[in-house]
Amino acid sequence: MTLRVTLRAVLVGILALTVVAGPSVARVQAAGEIFIPLLVYRTGPYAPNGIPIANGASDYFTLVNERDGGINTVKIAFEECEDQYDTKQGVECYERLKAKNPVLVNPYSTGITYQLIPKAPIDKIVVHSMGYGMTASADGRWFPWVFNFPMTYWSQASAFVKYVAQQEGGMDKLKGKKIAHIYHNSPYGKEANPTLEDLARRHAFELTLLAVDHPGQEQKATWLQIRRLNPDWIYISGWGVMNQVAVKEAGATGVKMDRVVGNWWTGTETDVIPAGDAAKGYKSMSFTAPGAEFKVHQDIFKHVYDKGKGAYGNDRAKVGEVLYNRMVVNAMLNVEAIRTAMTKYGNKPLTGEQVRWGFENLNVTDKRLEELGMKGMMRPLRVTCENHEGNGLAFVQQWDGKKWNVVSDWIEPIRDVVRPKLEAEAVVEAKKLNYTMRDCAKEK
Amino acid sequence: MSDLLYMVLVAPFKDMAGSPAFLVEVLIGGVFAGLMYSLVALGFVLIYKASGVFNFAQGVMVLFAALTLVGLLERGAPVVVALALTAAVMVGLAYAIERVVLRPLVNQPQIILFMATIGLNFFLEGFGEMAWGANVKKLDIGIPDRSFIVRGVQINELELTAAVTAAVLVTLLALFFQTTRIGLALRAVADDHEAALSIGIPLKTIWVVVWSVAGVVAIVAGLMWGAKSGVQFSLSLIALKALPVLILGGFESVPGAIVGGLIIGVGEKLGEVYWGPLVGGAIENWFAYVLALAFLLVRPQGLFGEKIIERV
Amino acid sequence: MIYREAGQFKTSYASDQAVFPIVQDRVFVLAAVVAAFVVPPLVAGDYWLQAILIPFLIYALAAIGLNLLTGYAGQLSLGTGGFMAVGAYSAFKLTTAFPRLSIIAVFLLSGLAAAAIGLLFGIPSLRIKGFYLAVATLAAQFFLIWLFNKVAWFTNYASSGTITAPDRTVLGVTVTGPNATAAARYVMALAFVAVFALVAKNLVRGRIGRSWMAIRDRDIAAEIIGVRPLRTKLLAFGISSFYCGVAGAELVFLYLGSAETLAFDINQSFLVLFMVIIGGLGSILGSWLGAAFIILLPIFLTRLPHGLGLTMSVALQKQIELMIFGGLILFFLIVEPHGLARLWQIGKEKLRLWPFPH
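Protein chains in written order, with my numbering: chain A, 191 to 634; chain B, 984 to 1295; chain C, 82 to 439.
Hints are computed from structural coordinates only; laboratory data are not their basis.
Any given hint might turn out to be false.
[As the list claims (entries may be wrong)] Cross-link-like lysine to aspartate or glutamate pairs, in silico, EDC-like; alpha carbons within 16 Å at most:
#1 B:K1121 <-> A:D606
#2 A:K314 <-> C:D127
#3 B:K1120 <-> A:D467
#4 A:K288 <-> C:D127
#5 A:K309 <-> C:D248
#6 A:K621 <-> C:D248
#7 A:K309 <-> C:D127
Could you put the whole structure together from the sequences, leaning on the hints where they help?
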């Protein structure tokens, strides 16, 4: 009886503590630093993809602090917040870290991005959704605070079609060919569909759309249909376990792996591991080169890992993975945008407004890439007021059983198909948020 | 209107008749998928049958078993040793669950026990990930995920193995429950804890036994599913796919898990392949549940479930 | 000493049947409600309002809804996420089609839409009982989510596939949409849940609530004494879905701002069910307490390492948080299986006697 009473008292105590001590004030960051929050997912269903992303960011920002002493002497303060890829937890992380005056945020989740887009102009925090998020936000006239350079899903879809055409011998050879798009049944998965349908009409290829229900653990029915359809090319827009199962099923069904191309979130080391040898030949799109042979990696090893600050600890082999490199590029772009802003506003901790200007006037040249040790890892990039997508190019990489290799040249998206649709979509999305269009000419 | 009726009622059947080899492939695919679901459903059935608890944590147990197995294999243990050790871990887990969860909550209403398994679910989720990491792990059980063609019909080796394993496992379990003393005791316990206690059935031992067996079934399920998609967190979500199997077959029936699995698997695949394109695809998830629901309307306790005699 | 009923005599049926018969209760609750309306908007920061109080209020409403169905009427339902989705999407369609319609009316109408769907999916409950019914309601959950994903009409053909809350005003104050302040949204949510909680409390004390409880406890006996199972169960589904529908609309309009179907998936259903069970089945107060527990505890656990001065990786933190969360649920169920509401009741009874031991 007494034990019960004591236990009950303890329980009430815990509950009271929860209410009282719950959300306390966050630590204040040191002066003279610029704060970047990192929304990461190191646990939960998407952790296999979230871990390299989180580590890439941590390593690159540490590198800038260690090797360069910060961005023009202003150190980067960064803090991770675990959101398990859950939108609600992501928003909670964002709200909590807002107290530290962040200047930008990389949500790394389309769901969270959509939540943060309306908040960006109000909170004055730049949203950088590199290669994901709301495609229409590439029209900077409507979305001044959101950037998705260097490429969007629609451009990627057109680049994929161009690649297929290249492999088949020309755009005119697409006629009559069968292309299947296997996509995650969510807004993310469906992104490529309108563009693919448009191009299918223009170039007379047969497009079949096959949706896979979340989470995509069981795809037998989809691949049976693929077997019956016998397409010439397969494009996959997946995420999480859907990717691994798709690659495995592709192998099991006996399709030619070099005709299967995943989008840039469907082509990582994690996706091909379970399939083992059957995944050899699998291709995917990308806009950041894989591998650890670039000079920036040597810098990372020297200044970060040798000093014991590497996010992977002793497991250096993982440095250079697809998503790791992608985030390193992302982090680099963040840093360069801040640096650009500093040329106008001075070398001090900047505000979100100033960093936004930096993003919009970002111009990463070939020469700069070489200085950074990233030549070849990414293409030069120029962002303008109207075009928050930049002028990025994609390429195709292929898995050889041990690593990803670049197997194509840089492919230009079919911009005159994509851009008009994008602009129309931007008008629709902006109307929902009651935005007015900027006049970029006036702002110069 | 008649166009719509034609598309729904006639065209799919014509399609089926038009390419019979493909139809057989779809059926076989359905059978295999269904048996894979049954593997998971079996765990639920065992625990419900013997402790009256709907074990929400079954999916996580499958994940945990697979994680332990792969973790041991990665550390260089030979396959047999790894399997034995994993089985030992699951038995240990069963002991712990009996001591911490079941014993204090003996004879509480079902919903409370269900909630306790939810707590267990969260705990194992965090613990499994903490102990073994969150990365995808490849699980190689020595059977290639290749397909071979038999008379124009493609059959997958891995799935065939899973199907055979499931069938064997179910037969063994059914025999166990029907013919052994422990099996009888388990059924008694499922009926009424207190009555079973009063006639001298050692409740604690029974519970440890049944949760251990469910744990071993979880290992097998984890093996098969993990070989298909790599061992990762999403494995725990398979439990959701097994639920329609459970309700169709009945919560307390081991053969029900198999029959339910077959019906759901085949129904799902047929629905998705032949009727799915009409509505844009990806109907598998709810189709399985609607199918199970349809069966339930005819037999509210599932096909093989125990009929509840209700008294005023 | 404080909590004494001695000297409080009821002189009319009305006062005897009041929701809070004890004066101290009434005063306390009234003060709490007034304080809730006044204090947080003035004092609490954006973070408190946005990330804690608003979701708490919204989930409290959903929990009350589910408690009516599962706690009072005994029908275990796992379709809460789906019904919330119906509320959210109908609110979106209504307000974009009729921008001048008051957002309060929009919420109520979307609740009605959800109620209609709830009625439809409640029909199997006449035949199916217990856990089987729960799994059958999952059919509703998955089907509704698929429907909203598939039929572009629901999102007004947005290629992003998400619904966004537009700016809407009540009495001149913007309460939804990106320009609404957290305080305005908070007051809106609080108003809704306060009113609906009162309605629910009265429902369960009256004839309808009693017929639900009769069905829950002994449905055959209930039928024999004249409670009509069809009507009662369907009414339970309908009203519960109404509550969940309004909560779903609030989730998008007052909390998230925009949502895709993933926000309403099966995890939502489980979350609300946990709140109801932890809070206490068959108790309106329990729904509040359960919602508070489930919302606050993870945040507290995330802050704890900072508070204790420990640094550990966020991943490890999250994993330990999960373990502690699960452990607490277990601990808690062993100590008090009937939920937080029962704890509160015990507390009140102790208070009545305090400072005397018995």
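Here's how the hints hold up against the structure:
For the proposed pair B:K1121 and A:D606, the alpha carbon gap of about 43 Å is over 16 Å, so the pair is violated. For the suggested pair A:K314 and C:D127, the alpha carbons sit about 15 Å apart, so the restraint of at most 16 Å is met. Of the supplied pair hints, the one linking B:K1120 and A:D467 holds, its CA atoms being roughly 15 Å apart against a limit of 16 Å. Under the criterion of a C-alpha separation no larger than 16 Å, the hint pairing A:K288 with C:D127 is consistent with the structure, at around 10 Å.
Of the supplied pair hints, the one linking A:K309 and C:D248 holds, its CA atoms being roughly 13 Å apart against a limit of 16 Å. Among the hinted pairs, A:K621 with C:D248 is consistent with the structure: their alpha-carbon atoms are about 11 Å apart, no more than 16 Å. Distance check on the hinted pair: A:K309 and C:D127 sit about 13 Å apart at the alpha-carbon level, within 16 Å; holds.
Of the hints listed earlier, the one the structure fails to meet is number 1.
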